[in-house]
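K.L.:
Residue-level listing of the chains:
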Amino acid sequence: EAQVTQNPRYLITVTGKKLTVTCSQNMNHEYMSWYRQDPGLGLRQIYYSMNVEVTDKGDVPEGYKVSRKEKRNFPLILESPSPNQTSLYFCASSIGIGAYEQYFGPGTRLTVT
Amino acid sequence: GESVGLHLPTLSVQEGDNSIINCAYSNSASDYFIWYKQESGKGPQFIIDIRSNMDKRQGQRVTVLLNKTVKHLSLQIAATQPGDSAVYFCAESTGYSGAGSYQLTFGKGTKLSVIP
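As they're listed, the protein sequences go chains A and B. Each residue of the first sequence is one higher than the one before, starting from 1 at the first, in this note's numbering. Each residue of the second sequence is one higher than the one before, starting from 1001 at the first, in this note's numbering.
Pulled out of the complex, with its shape left as it was, chain B reads as follows:
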């Protein structure tokens, strides 16, 4: 996983601050979105998901916002910690309704670096 972070947009955040990671998706028919976190040397790990009939969903320290009008997704991490340092991917699917594709299409990712 060491090479995953190369050539990626990077967001540097001070420990304790809030982080906002953005994702623009391409398919207006997408109805399901997921955020994944990938730490160095590991596989992606599910963080939070949101259906297209929602515009906001909250988890533990994380919030996902969905703006279908401009096809934009964001992940907000509150009180960012050093353990949050990772590459974050958004993914979209048209499968929620059952009428579309079951495939997840992943974004290129954003590297989050937390400064202690």
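Okay, chain A solo, but in the shape it has when bound:
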């Protein structure tokens, strides 16, 4: 089954404790992206990757890192999480850049206390 998976689905952590949210897709998609979703603000892009070893900042990249060492994986790293990073995070992938529908993962709900 074609899908985007994220782990963990739920995470409660404390300020400053490094964490990684994994994202994997099995569709051989070139383009992958991370979004955060907050009430009243909609979906905002954090980082995106157009292919292996090619990443770029989205609208809200501060406090986040990403890597794309393999085509299928695109982990989101929070080196020192803060409470304002409490949010619902979505990973997405698409066959290419630009005008292609994006397939979204199920989301990761992160709470930073």
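Hints may contain errors.
One-sided and incomplete, this derived list gives chain B residues near chain A with beta-carbon spacing under 8 angstroms [as the list claims (entries may be wrong)]: (1) Tyr1025; (2) Ile1034; (3) Ser1040; (4) Lys1042; (5) Gly1043; (6) Pro1044; (7) Asp1049; (8) Lys1056; (9) Phe1089; (10) Leu1104; (11) Phe1106.
Derived by calculation from the structure, the hints in this document are not laboratory data. Only a predicted model underlies this, so the values are computations on that prediction, with no experimental measurement involved. Yeah, the Cβ is synthetic: ideal placement off N, Cα and C, and Gly gets one too.
Based on the hints, put chain B in the right spot on chain A.
P.N.:
The following block gives chain B in isolation, referenced to the frame of chain A:
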């Protein structure tokens, strides 16, 4: 996803009626538009897209209309069903032509509630 629907415009529709969800976009250079549906606790799901060289596109029970003059996009759902209850987002991009940004900019969303 439970908190996604808070603070959103809400459209309540009787089951079987047609629904029209509207979206105003901001960038006159946008050349590609998508509608997504997000059910509670799930990620957004692609519904339909439209390129800027079109003003109408139809899918199964859904139609997207694009009015570039007033930068307005609408999603029409025919014979609305309880399973259509969700938050609907429009998104725009300038990436179709290859000359713009590959990023999708999402609207805030509209919550559709279907009354059985």
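K.L.:
Hints first: check each against the structure and report whether it holds.
P.N.:
Comparing the hints with the structure gives:
The beta carbon of Tyr1025(B) is not positioned within 8 angstroms of any beta carbon in chain A (closest approach about 13 angstroms), and the interface hint is therefore violated. At a threshold of 8 angstroms, the smallest CB-CB gap from Ile1034(B) to chain A is about 6 angstroms, leaving the interface hint in force. For Ser1040(B), the interface hint is violated, since its Cβ never comes within 8 angstroms of a Cβ in chain A; the closest pair sits about 11 angstroms apart. Annotation: Lys1042(B) was flagged as interfacial toward chain A, and the flag holds, the nearest CB pair being 6 angstroms apart, inside 8 angstroms.
Among the interface hints, the one on Gly1043(B) holds; its C-beta lies about 3 angstroms from the nearest C-beta in chain A, closer than the 8 angstroms criterion. At about 5 angstroms, the closest approach between the beta carbon of Pro1044(B) and any beta carbon in chain A falls short of 8 angstroms, and the interface hint on this residue holds. With a cut of 8 angstroms, the hint placing Asp1049(B) at the interface with chain A holds, because the nearest CB-to-CB distance is about 6 angstroms. For Lys1056(B), the shortest C-beta to C-beta distance to chain A is roughly 17 angstroms, which exceeds 8 angstroms, and the interface hint is violated.
At its closest, the beta carbon of Phe1089(B) sits 7 angstroms from a beta carbon of chain A; the interface hint therefore holds under the 8 angstroms criterion. Below 8 angstroms, beta-carbon pairs count as interface contacts, and Leu1104(B) has one with chain A at about 7 angstroms; its hint therefore holds. Hint on Phe1106(B) holds. Least Cβ distance to chain A is approximately 4 angstroms, under the 8 angstroms limit.
Violated hints, in rising order: 1, 3, 8; the structure is consistent with all others.
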